[in-house]
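Asks: Below are the chains, spelled out letter by letter.
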Amino acid sequence: MDTLALKKTANEVRKGIVTAVHSAKSGHPGGSLSAADILTYLYFEEMNVDPKDPKKADRDRMVLSKGHIAPGLYSTLAQRGYFPVEDLKTLRHVGSYLQGHPDMKHIPGVDMSSGSLGQGISAAVGMALAAKLDQASWRTYCILGDGEIQEGQVWEAAMFAGARKLDNLVLIVDNNGLQIDGNIEDVCSPYPIADKFKSFNFNVIEINAHDFDQIAAAFQKARETKGMPTAIIAKSVKGKGVSFMENQAGWHGAAPNDEQYAQAMADLDKIGESLQ
Amino acid sequence: MADVKKIATRESYGNALTELAGDYPDLVVLDADLAAATKTGIFKKAYPDRHIDCGIAECNMMGIAAGLAASGKIPFVSSFAMFAAGRAYEQVRNSVGYPRLNVKIGATHAGISVGEDGATHQCCEDLALMRTIPGMVVMNPSDDVEAKAAVKAALDHQGPVYIRFGRLAVPVINDRPDYKFELGKGVVLREGKDVTIAATGLEVCEAMEAAEKLAAEGIEAKVINIHTIKPLDEELIVAAAKETGKVVTVEEHSVIGGLGSAVCDCLSQKLPTPVLKIGVNDTYGESGPAVELIKKYGLDAQGIYTKVKEFLA
Numbered sequence: 119m120d121t122l123a124l125k126k127t128a129n130e131v132r133k134g135i136v137t138a139v140h141s142a143k144s145g146h147p148g149g150s151l152s153a154a155d156i157l158t159y160l161y162f163e164e165m166n167v168d169p170k171d172p173k174k175a176d177r178d179r180m181v182l183s184k185g186h187i188a189p190g191l192y193s194t195l196a197q198r199g200y201f202p203v204e205d206l207k208t209l210r211h212v213g214s215y216l217q218g219h220p221d222m223k224h225i226p227g228v229d230m231s232s233g234s235l236g237q238g239i240s241a242a243v244g245m246a247l248a249a250k251l252d253q254a255s256w257r258t259y260c261i262l263g264d265g266e267i268q269e270g271q272v273w274e275a276a277m278f279a280g281a282r283k284l285d286n287l288v289l290i291v292d293n294n295g296l297q298i299d300g301n302i303e304d305v306c307s308p309y310p311i312a313d314k315f316k317s318f319n320f321n322v323i324e325i326n327a328h329d330f331d332q333i334a335a336a337f338q339k340a341r342e343t344k345g346m347p348t349a350i351i352a353k354s355v356k357g358k359g360v361s362f363m364e365n366q367a368g369w370h371g372a373a374p375n376d377e378q379y380a381q382a383m384a385d386l387d388k389i390g391e392s393l394q
Numbered sequence: 003m004a005d006v007k008k009i010a011t012r013e014s015y016g017n018a019l020t021e022l023a024g025d026y027p028d029l030v031v032l033d034a035d036l037a038a039a040t041k042t043g044i045f046k047k048a049y050p051d052r053h054i055d056c057g058i059a060e061c062n063m064m065g066i067a068a069g070l071a072a073s074g075k076i077p078f079v080s081s082f083a084m085f086a087a088g089r090a091y092e093q094v095r096n097s098v099g100y101p102r103l104n105v106k107i108g109a110t111h112a113g114i115s116v117g118e119d120g121a122t123h124q125c126c127e128d129l130a131l132m133r134t135i136p137g138m139v140v141m142n143p144s145d146d147v148e149a150k151a152a153v154k155a156a157l158d159h160q161g162p163v164y165i166r167f168g169r170l171a172v173p174v175i176n177d178r179p180d181y182k183f184e185l186g187k188g189v190v191l192r193e194g195k196d197v198t199i200a201a202t203g204l205e206v207c208e209a210m211e212a213a214e215k216l217a218a219e220g221i222e223a224k225v226i227n228i229h230t231i232k233p234l235d236e237e238l239i240v241a242a243a244k245e246t247g248k249v250v251t252v253e254e255h256s257v258i259g260g261l262g263s264a265v266c267d268c269l270s271q272k273l274p275t276p277v278l279k280i281g282v283n284d285t286y287g288e289s290g291p292a293v294e295l296i297k298k299y300g301l302d303a304q305g306i307y308t309k310v311k312e313f314l315a
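Protein chains in written order, with the working numbering: chain S, 119 to 394; chain V, 3 to 315.
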C-alpha cells in the first residue's frame, strides 16, 4: 500500500472511530485518533495477518495495552475486513460483541483482552517469549499510552524483555502528551521516555506518529535490530484529524454530540478530499 | 501418626511438574525468584529450557503467563500464595480470568503453616480471592498423592486453575490403590450420622484425627475431603447435611470467603443447616513453628474436637 492509500485508509479508520464513539455516547476518541496512523500501518502493511483466518498460528500478534482506545483498534480491524464496518455502531451497546475494552474471546482479530493499564505489555512479552521458545518467526507488537507507562508493571515487563533480548517484540508508545487529568508532565512526568527504554536495553526509535514514511522506516529498523527489543516513541497529536478534539485532554474519554459529530465528520471528509 | 510418611505439598508440586513434563510438551513453568522455595527448582533442573525465572515481579509474571497461554503454552505460574493470589490479584482477574486463558497458578506457602516468616507471608485470604473470579477452578489438595493428582487434573482442564500448596510436611493419607481424583468431587473418608466435618488441605488429616477422638466418645462424624473449593461438590455437601443435620467446615484459611463460606453459600440456598466454620478467625498470623501455630489457632485435631463438641452440645 502506498503512502496515499495508507493516508486514505487511516482517514476512514478515523471516521469509524468518531462514528462508533458517537453511537456509543461514550468511549475514548482522543487516543484512538492519535494512534490511528500507527494502527493502520500495522494492520495494512506491517503485520502478517489474515482477516479470514484471525487465529492462524503463525500470524503476528498485536496487544493494545492502552485498551481504552478500542474504537481505534475496532475501526482498523473493520476496515481490514475482520468484521463489518457497520458493526462499529454497536460499540458499547448491550449484547454487542464490541465491548468497551478489547475482548479476545468474542472479537475477531483481537489477540489479547486488555484495558487495565500496564497489563497488556506483559501479555505481549509472554507472546514474544512463546515465539522464542518455539523458534517461530512471528512477531509481537504492543501499543502503550504515554500516561500508561506511569504503571510500574510496564517497567517490570520492559526489564524482562530487555534482559531476555526479545528482538521479536516492538513496543509503540503513543506519545500524545495528555492523560485524563491533563498534561502528562503536570500529572506525573514519564519523561525522558526514550532514555528510560534505552536504559532497559531497548532499541529506541523516535518518530512523528502521523508520518507514514517515518513509521515505515521505524518498523523496518525494528526488524533489522537483533538482540534487543524495540521501543518506538511516536510523538502524536491527541484527537488528530478532528479540529476541535486536537490536543484537548477533555476528549480523552468523551463522546461528541450530534452537532459535534457532524463537525467531526465534515473535518474528516475535508481531509479525505485533500487526499485525491 | 509418627510413623506416617510426611511430604510438603510444594515438594509434590515440583515433582509432579517434572514427572508430567514429558507427556505435556507445552507445559512451561514460571517463577519469581522463588524456585528453591516453591520447588519448581526440581523442574528447572530437569527442564532448564522450559523454566522461566521472571525475577521478583509477580504481576508481570502473571501477564507473561497470559501471553504464553494465548500462544498455546500451558504455563504454571509459581509463587507464594500471598503474591500469586494477593499481589497479582488484578492481573489474575483481568489478564487470565476474563479472557479465560489456560494458565495454572501454583501457589505455595499458603496459610499460617508458613511458620516463622510470620504474618506478611501467611496468606489466609487466597481461596476467597480466587473463588470470586468467574471460571476459576480452585483446588487445595490434602497430601502428596492428592497434590500430584491435582496438578495432572489442572493440566487436563482447559481454563484457569488455582492450586494451593503448603510449606509444611504433612502426612500422606491418600496412598491407597483405589484412590481416584476427580476435579470438583469431594471424597467421603469416614461415614457418620451425628455431624459432617468438611475439611480441605492439611486440615483433612487433622479432621480425621478429631473424628477418631469424637468416636471414642460415641460421636460419629462423617468426614469429607473437599479438595476442590470451586466448583464445589454441592450434591455431596447437601446430601451430607441432610444425613447429619449439622456441618462443620475446617480450613487453614480465613473463615471469611473460603471453604466455610462456600459451604454456607450452598446450604443457605439449598438446605439451610447449622454450620460451624473453623478456620483463621478474621485475624493475621504470626511467627512461630508451623505445628505450634496450627495448635495455637485451634486448627489441630484437639482444637477441632473441642469446637465440634461445643457445637453439638
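Calculated from the structure, these hints are not laboratory results.
We treat Cβ as the ideally placed atom computed from N, Cα and C, and that holds for glycine.
Treat the hints loosely; a few may be bogus.
Listed next, the stretches of chain S that the computed footprint assigns to chain V, with coverage defined by at least 3 CB atoms under 8 Å from CB atoms of chain V [claimed, not checked]:
no.	stretch
1	194 to 205
2	304 to 318
So the derived list for chain S, only partly shown, Cβ under 8 Å to chain V, looks like this [stated by the list, open to error]:
no.	residue
3	L235
4	Q237
5	V243
6	G244
7	M245
8	L251
9	Q253
10	G371
Asks: Each of the hints needs a verdict: does it hold here or not?
Replies: Against the structure, the hints come out as follows:
{"no.": "1", "hint": "194 to 205", "verdict": "violated (count 0)"}
{"no.": "2", "hint": "304 to 318", "verdict": "violated (count 0)"}
{"no.": "3", "hint": "L235", "verdict": "10 Å, violated"}
{"no.": "4", "hint": "Q237", "verdict": "5 Å, holds"}
{"no.": "5", "hint": "V243", "verdict": "5 Å, holds"}
{"no.": "6", "hint": "G244", "verdict": "2 Å, holds"}
{"no.": "7", "hint": "M245", "verdict": "4 Å, holds"}
{"no.": "8", "hint": "L251", "verdict": "7 Å, holds"}
{"no.": "9", "hint": "Q253", "verdict": "11 Å, violated"}
{"no.": "10", "hint": "G371", "verdict": "19 Å, violated"}
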